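Novice: Sequence:
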Amino acid sequence: MKKNLLTLLLIAMVVNLFLPSTSFALSGNEPTYTYWMQSGKQKYVKKSFGKWQNKGSVFHGPGTMTKNYTTKTSFSIGPGVQIPYTKINLSVSLGSEKSISTTARRSIPKGKKGQFQIRNEYRYYKVKMVQWISIDGRRVKTGKEKTITVTKKAALESRITLKGKNK
Numbered sequence: 001m002k003k004n005l006l007t008l009l010l011i012a013m014v015v016n017l018f019l020p021s022t023s024f025a026l027s028g029n030e031p032t033y034t035y036w037m038q039s040g041k042q043k044y045v046k047k048s049f050g051k052w053q054n055k056g057s058v059f060h061g062p063g064t065m066t067k068n069y070t071t072k073t074s075f076s077i078g079p080g081v082q083i084p085y086t087k088i089n090l091s092v093s094l095g096s097e098k099s100i101s102t103t104a105r106r107s108i109p110k111g112k113k114g115q116f117q118i119r120n121e122y123r124y125y126k127v128k129m130v131q132w133i134s135i136d137g138r139r140v141k142t143g144k145e146k147t148i149t150v151t152k153k154a155a156l157e158s159r160i161t162l163k164g165k166n167k
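Quick note: the numbering used here has the sequence shown finishing at residue 167, numbered continuously throughout.
Think of the hints as simulated: they come from the structure by calculation, not from any bench. Given the structure is predicted, the values throughout are model-derived calculations rather than measurements. Hints are supplied without guarantee of correctness; some may be wrong.
Once the Cα atoms are required to be at most 25 Å apart in a straight line, the calculated SDA-like pairs of lysine to any residue come out as [as the list claims (entries may be wrong)]:
1. K47 with K112
2. K51 with K110
3. K51 with R123
4. K51 with Y122
5. K67 with M129
6. K72 with E97
7. K112 with E157
8. K152 with E121
9. K110 with S57
Take the sequences, apply the hints, and build the full model.
Specialist: As structure tokens, then:
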């Protein structure tokens, strides 16, 4: 009886060694890395405008010129996380994309030319960042902070300018 119990116990131990563990406990082999996270809300600072750019062909008057213009703008922060691991350097970037559009309409008199123009509107924000460190799956703040300026292309402005006489 003791021999059968001992054999059964030995078989259970061997099977346990070769079957994969379903435990979610940390193994102590997780990589160590630091990363920055936004702390609090972004603070609006100012806005500015880019240079006027000609878009499309010149319209010869008389008549009404109407133009639409759509572009995509993106916002990204990256690399947000860098994980050095022996021969692997993994970087993660975060971001979003949206479309912005504008429309302009103007009457062009006889003998004049109309030119459609656009310019970008940029908004600047101050963002407070806090550094975190992950060691064996545990995350804690390092105590380091920095403030960065984020620039976003927020809108488009458009106009139709009048030029001299037709030739």
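Novice: Would you mind confirming whether the straight-line C-alpha gap from K51 to K110 stays at or under 25 Å?
Specialist: Between K51 and K110 the Cα gap is close to 28 Å, so the pair fails against 25 Å, i.e. violated.
Novice: Within 25 Å, alpha carbon to alpha carbon, are K72 and E97?
Specialist: With a Cα-Cα distance of about 7 Å, the restraint between K72 and E97 holds, given a limit of 25 Å.
Novice: Does K47 pair with K112 here, judged by a C-alpha cut-off of 25 Å?
Specialist: Roughly 33 Å separates the two Cα atoms, so the pair is violated.
Novice: Between K51 and Y122, does the CA-CA distance stay at or below 25 Å?
Specialist: Given pair K51, Y122 holds - Cα atoms ~11 Å apart, limit 25 Å.
Novice: Are K112 and E157 close enough, with their CA atoms no more than 25 Å apart?
Specialist: Holds. K112 to E157 sits at ~22 Å (cutoff 25 Å).
Novice: Check the hint pairing K51 with R123 against an upper bound of 25 Å on the C-alpha distance.
Specialist: Since the Cα atoms of K51 and R123 sit roughly 15 Å apart, the hinted pair holds (cutoff 25 Å).
Novice: Against the 25 Å threshold, does the CA-CA distance of K67 and M129 hold or violate the hint?
Specialist: Not satisfied, since the Cα-Cα distance of roughly 42 Å exceeds 25 Å.
Novice: Can the restraint linking K110 and S57 be considered satisfied, given a maximum Cα separation of 25 Å?
Specialist: Measuring from Cα to Cα gives roughly 17 Å; hence the hint holds.
Novice: Hinted pair, alpha-carbon criterion (25 Å max): K152, E121. Please report holds or violated.
Specialist: Distance ~8 Å between K152 and E121 Cα, so the pair holds.
The structure does not agree with the numbered hints 1, 2, 5 stated previously, though it agrees with the rest.
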